[in-house]
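From first to last, the protein sequence lines are chains W and C. Mapping of the first sequence onto numbering that gives the first Met the number 0: residues 0 to 648, in sequence order. Mapping of the second sequence onto numbering that gives the first Met the number 0: residues 0 to 339, in sequence order.
Hints listed in this document are in silico derivations from the structure and should not be mistaken for laboratory results. Each hint should be verified, as a subset may be incorrect.
Below, computed lysine-lysine pairings styled on DSS-like, alpha-carbon distance capped at 30 Å [said to hold, decoys possible]:
1. K120(W) <-> K143(W)
2. K430(W) <-> K338(C)
3. K149(C) <-> K135(C)
4. K9(W) <-> K134(W)
5. K319(C) <-> K198(W)
6. K220(C) <-> K13(C)
7. K199(W) <-> K319(C)
8. K289(C) <-> K244(C)
9. K319(C) <-> K431(W)
10. K542(W) <-> K567(W)
11. K301(C) <-> K234(C)
12. K215(C) <-> K149(C)
13. K162(W) <-> K200(W)
14. K143(W) <-> K94(W)
15. K9(W) <-> K101(W)
16. K13(C) <-> K47(C)
17. K115(W) <-> K134(W)
18. K338(C) <-> K233(W)
19. K430(W) <-> K319(C)
20. K94(W) <-> K140(W)
21. K197(W) <-> K319(C)
22. K220(C) <-> K253(C)
23. K38(C) <-> K215(C)
24. K338(C) <-> K422(W)
25. K200(W) <-> K319(C)
26. K338(C) <-> K9(W)
27. K500(W) <-> K431(W)
28. K557(W) <-> K500(W)
29. K220(C) <-> K182(C)
30. K220(C) <-> K261(C)
Cβ pair distances, simulated, as ranges [as the list claims (entries may be wrong)]:
31. D427(W) <-> G321(C): 17 to 23 Å
32. E485(W) <-> K289(C): 54 to 60 Å
33. D302(C) <-> D449(W): 40 to 46 Å
34. T221(W) <-> I317(C): 52 to 58 Å
35. K233(W) <-> N109(C): 50 to 56 Å
Glycine included, C-beta positions come from ideal geometry on N, C-alpha and C.
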Amino acid sequence: MVSQKQEVVKVSSATIRFAGDSGDGMQLTGMQFTDTAAMFGNDIATLPDFPAEIRAPVGTVAGVSGFQVNFADTDIFTPGDAVDALIAMNPAAFKANIDDVKSGGVVIVNEDEFNKVNLRKAGYEADYNPIEDEKYDQRFKLFKVPITRMTKEELADGALSAKDVLRCKNMWALGLIYYLYDRSLDVTINYLNEYFGKKKKLPDVASANVQALKAGFNFGETAEIFPVQYQIDKASIEPGTYRRVTGNEALAMGLVAASQLSGKQLIYCSYPITPASDILHYLAGTRHFGVKTFQAEDEIAAMCAAIGVSYAGQLGVTGTSGPGLALKAEAIGLAVIQELPVVICSVQRGGPSTGLPTKTEQSDLLQAMYGRNGDCPVVVVAPRSPSDCFDIGREAVRIAFELMTPVMILSDGYIANGAEPWKLPAVDSLKKIEVEHPTDPETFEPYDRDENLSRPWAAPGTPGLQHRVGGLEKQHITGNVCYVGENHQLMTDIRAGKIEKLAERIPELEVAGEASGDVLVLGWGGTYGAITTAVTRLQGEGKSVSCAHLRYLNPFPKNLGEVLKGYKHVLIPELNMGQLRQLVRAKYLVDARGLNKVQGQPFLIEEIEQAVNLMLEGDWGEAQYLEPHQSQVSVDGQSLEARLAGATA
Amino acid sequence: MPTEEITLAALTAKDFASDQDVRWCPGCGDYAILNQVKKVLASLGSSKENTVFVAGIGCSSRFPYYVDTYGMHSIHGRAPAFATGIKMANPGLDVWLVTGDGDGLSIGGNHLIHLLRRNVNVNMMLFNNRIYGLTKGQYSPTSEEGKKTKSTPMGSIDMPLNPISLAIAAEASFVARSVDVDKGLGGVLTTAAQHKGSSFVEIYQDCNIFNHFAFKYSTDKDTKEDNIVRLEHGKPLVFGRDRDKGIRLTADGKPEVVELGKGITEDDLLFHDEHDEKLAFVLSRMRYPKFPEPMGVFYSIKDDCYEDLLEEQVNAAIDKRGQGDLESLLYSGETWEVKG
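Next comes chain C alone, as it looks inside the complex:
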């Protein structure tokens, strides 16, 4: 049979757009994330047919409709469970999860922690806008204390969750953070996609209708470099518009902001080690305005993936017992003959 040489044209970001109209509010941070994701897919050489986007419910969870891959818009909070099923059935698929602060941390909090501890090989993006958007403006598990919303006219009295701390505590093997409009988002998502295991990426996302400018401190051109610190493995934590500030650990292991110069050099600063769980947790506790908020990869380790271990058990069982035979299964145990 003659074979035909087929040259596959490399896909561009545009090729990953579905034929459906995107229906987020004009100006929503989700558009920026969608564009970055399509670029990342193209740059990674992803194939459309082997990629699946799985989402729960909420504004961000409409994401799968807008990408020309396989996709599932599921039910509220449960996307991690669907994704786990998909990966068990076909570990070769490239599965992305899209969730929000309500979907992933409130109604779906349970599934999030169990996905992470099992280390199913998926990329999870948690769009954090600190508000319920699709239900028109109630406070969320990441809303700050005292926040006045439709459901908290006198101010929220809930302690907010810290998604990064939660992910680390849930045994995640990859934890990162970025911002919808930040130049670093594409890089973080690329690293997350290349990580084998559950990668958890919190993305600060602006809901310009119900919680506009919630993360202005981290997006405003003039101030953001003073309010975030970009993490790089093996590098000191330097930040500031003029890169004149840094993070140092005190004798009792607490972070403090210091100014470079006056006897303090970069060598005195905290050096990021993304394999250090304790350090990752310390970094996750640094919140604006007391600290610049870390962006980038907090934590990344190599660990076995659930679906691979499951596959290995199947193979081990077949090696030990031979390929299952229905006849011997049914006729196992005590059987007896009744003669005619």
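So here's chain W without its partners, still in its complex pose:
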């Protein structure tokens, strides 16, 4: 496939970003590139980035949709810091993304769209066209390609309308990129024929897209605009069967698996909310597993219905994001006092309030921990990557059943929408989830306790076990309403105790690196990839740094206190303003410092590296936390006053 005329450069990894208008099909384009890379044998990680508006005004920066994919011949954990190649379908996409491209990186623009109208919509000054500006030509390898015109010419004689022809230009661009990275077109051709040809029954659309894809590829080969072609070898990946999976898909599959492994019907009760709705969509398509989905009238009803399901003896699960979790709070408290097993999947996004609905954040940890009236603990777990959602989903259900308590899964937008290759588990290796229901009226007491302080789960329909549950305090053992002070103290202690005791049965926290040293980087949730990569690099430089990642946040693993004691400094990077840091400081009296970012984007690897280096070199100072700004972590310019002064200057 490699053209003889051209120089071929082998690289170890590349980060490509496809950017265009939200109607340009950039997500599909990126996903196709991802599949092609994954099936070739590269490791991959992706970062979709789309606007909150479904169709923001065409051509504006607000309407730019992007999809970033990192693919490599080694293990990778993040979608990449800086972009090696940007495909900008219009001036707005250029403007929104150009600053993320590495110096010397490839920038391919659809020059046909860089006209007066589009330049104005993108907010460029009159008579200025960035692709005519020499500074960009000097900084990047800028390629101006008439993608619109070439697509039109290629499909001029076809069956599609002019409008539909234009919708094929993303495939033309994808073809060009396939050429640049020396990729086969087979995966995408197969997809186009299956999706448009067979599923949508639009064979003309399928063949036009295939034609555009091939034309883009051939243009790269014959026009010789690229001086080099890049090759990235297969990664040495553990043998097995793989598929690409997003966090939301994996979580949905984890819940279905939990249902199968426990013999309990999964009833998923949810109200649509970004970025959690895809879990509902996925599960709505699994009725043949006995799965029922209930799109409730609001967030509160979704939570309450899930509790009703659990009360009736099946697997009640709800899914939401920050604002919805706030609405569910009262009902979660009811499940805590009724001691019913229910799983709450919260896919975090930027807050407060509606915040940044399509952007990632980790700022609901304290809400998950404490956001209810009364002393009201729940188990909190967090997946660390898209495929980990499969395991976390099953684990949450297992714990809920074991302890008769709500379990909160804190995913986030980055994990939920990001994709990675997933080595598929052997189904018969998945552990059964044990569930017991009492049947003997002679020995049954609704609030009796087992060795884990859990109470029996008697489902309606069981003769002789009639009992009432409610939100009023329960008398120990009998479960009758009881207002006695000592009893309330006891029940409060039991509800907390059963969660604390769980720490004895969950895996201890593992440290990557030495068990003692200068710096421990402690993380949770979706920051796993960036932290692991940064720490691995620093260790490679001989630095005394280790990292550990929490999948259990309530309770913490029982050895966390010991682990923290092993290091001079503890750094906790979070996509919030220091929520885990606050918990860790309060519980372990450790002077942990934070790297905190709420900018709608995940951490860059280099941001974490810079923060660790500041600590290692003794330059961190007294700051409780630092924020990265423009990808730089520095003790200077952190104060709000300085930044306000800078912003107005």
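Since chain W is already given, all that's left is putting chain C on it; use the hints.
Leaving out everything else, chain C in the frame of chain W:
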């Protein structure tokens, strides 16, 4: 294995009493309703283990504690959502909902209308006492305009809700009304329980502490038959102590009170048709004192229940795709092999 012939003794109303002390105020209308419900359960041959009472918050919502069945005292206004979850998980259970005018129409108004439009097969009793009792006497969504309460010392300026009109507008498949101490309550509840789908029963209930005699016109022995009209399907709307009055529709479809005799016979009156939605709505607008208030079943139609339709989708999916197989779910889509 030898089988043993077991004869189940029929349960009586008493058998449905739980071992908990009933803690409503002495003289509260709730006692009368509780007694009627226990009788109805016994007469319907309900089983304790297959019956679930679900309630929200408020005086009436303590109801589940007092019945020896399964029960859930939930949170304010949300009982319909819990009940929906229970019915989805186990459609075979006999689920009763207990709510009040504050719980069901104010904080829980949203869930009420969505339960009714989905037609989940539950029996909902809305105890309407036109006051907030448990919080000690504030006006409610059914309190009359001008009502002076602790929170409305100068009189309420809210337009009250009409629960029956609301239920009809929310696509309810069964709508009825009765009074806590009325002889008709047991019959209405029995019909409601036998109806498949959401049955909505408004029950006028006396709060003798904060809103005593709010419905005196409909309970006072001497006057009530002049102030209510008992609905019977296919029968003319006749009322009055001496059954000498009736309801007739005017040419433009409005109800009017007429006296029988003097050329007006029962044949001239409005005949009740519980399948007629428009008529049900007209009846729901008849309020005391201008009209006698209708009691009984306003509206009743057959319609599919949510939980049955959901179950059917599961069965249809299994018929079409076969019983779900985890391996094929995980290995679906594009997969690839990495060789060692």
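We went through each hint and held it up to the structure:
1. K120(W) <-> K143(W): It holds: about 20 Å lies between the C-alpha atoms, which stays within 30 Å.
2. K430(W) <-> K338(C): holds (26 Å)
3. K149(C) <-> K135(C): holds (8 Å)
4. K9(W) <-> K134(W): Holds. K9(W) to K134(W) sits at ~28 Å (cutoff 30 Å).
5. K319(C) <-> K198(W): holds (17 Å)
6. K220(C) <-> K13(C): holds (28 Å)
7. K199(W) <-> K319(C): Given pair K199(W), K319(C) holds - Cα atoms ~20 Å apart, limit 30 Å.
8. K289(C) <-> K244(C): Roughly 14 Å between the alpha carbons, so the hint for K289(C) and K244(C) holds.
9. K319(C) <-> K431(W): holds (27 Å)
10. K542(W) <-> K567(W): holds (13 Å)
11. K301(C) <-> K234(C): holds (20 Å)
12. K215(C) <-> K149(C): holds (22 Å)
13. K162(W) <-> K200(W): holds (19 Å)
14. K143(W) <-> K94(W): Holds, at about 15 Å.
15. K9(W) <-> K101(W): This hinted pair holds, its Cα atoms lying about 18 Å apart.
16. K13(C) <-> K47(C): Satisfied, since the Cα-Cα distance of roughly 12 Å is no more than 30 Å.
17. K115(W) <-> K134(W): holds (20 Å)
18. K338(C) <-> K233(W): Cα-Cα ~11 Å, so holds.
19. K430(W) <-> K319(C): Roughly 29 Å between the alpha carbons, so the hint for K430(W) and K319(C) holds.
20. K94(W) <-> K140(W): Holds, at roughly 16 Å.
21. K197(W) <-> K319(C): Roughly 19 Å between the alpha carbons, so the hint for K197(W) and K319(C) holds.
22. K220(C) <-> K253(C): holds (29 Å)
23. K38(C) <-> K215(C): holds (25 Å)
24. K338(C) <-> K422(W): holds (12 Å)
25. K200(W) <-> K319(C): Holds - the C-alpha atoms of K319(C) and K200(W) are around 21 Å apart, at most 30 Å.
26. K338(C) <-> K9(W): Between K338(C) and K9(W) the Cα gap is close to 22 Å, so the pair holds against 30 Å.
27. K500(W) <-> K431(W): holds (22 Å)
28. K557(W) <-> K500(W): Holds, at roughly 10 Å.
29. K220(C) <-> K182(C): holds (12 Å)
30. K220(C) <-> K261(C): holds (28 Å)
31. D427(W) <-> G321(C): 17 to 23 Å: holds (19 Å)
32. E485(W) <-> K289(C): 54 to 60 Å: Once the Cβ atoms are compared, 57 Å apart, the range 54 to 60 Å for K289(C) and E485(W) holds.
33. D302(C) <-> D449(W): 40 to 46 Å: holds (44 Å)
34. T221(W) <-> I317(C): 52 to 58 Å: holds (53 Å)
35. K233(W) <-> N109(C): 50 to 56 Å: Distance hint for K233(W), N109(C) holds at roughly 55 Å.
The structure meets every hint from the earlier list without exception.
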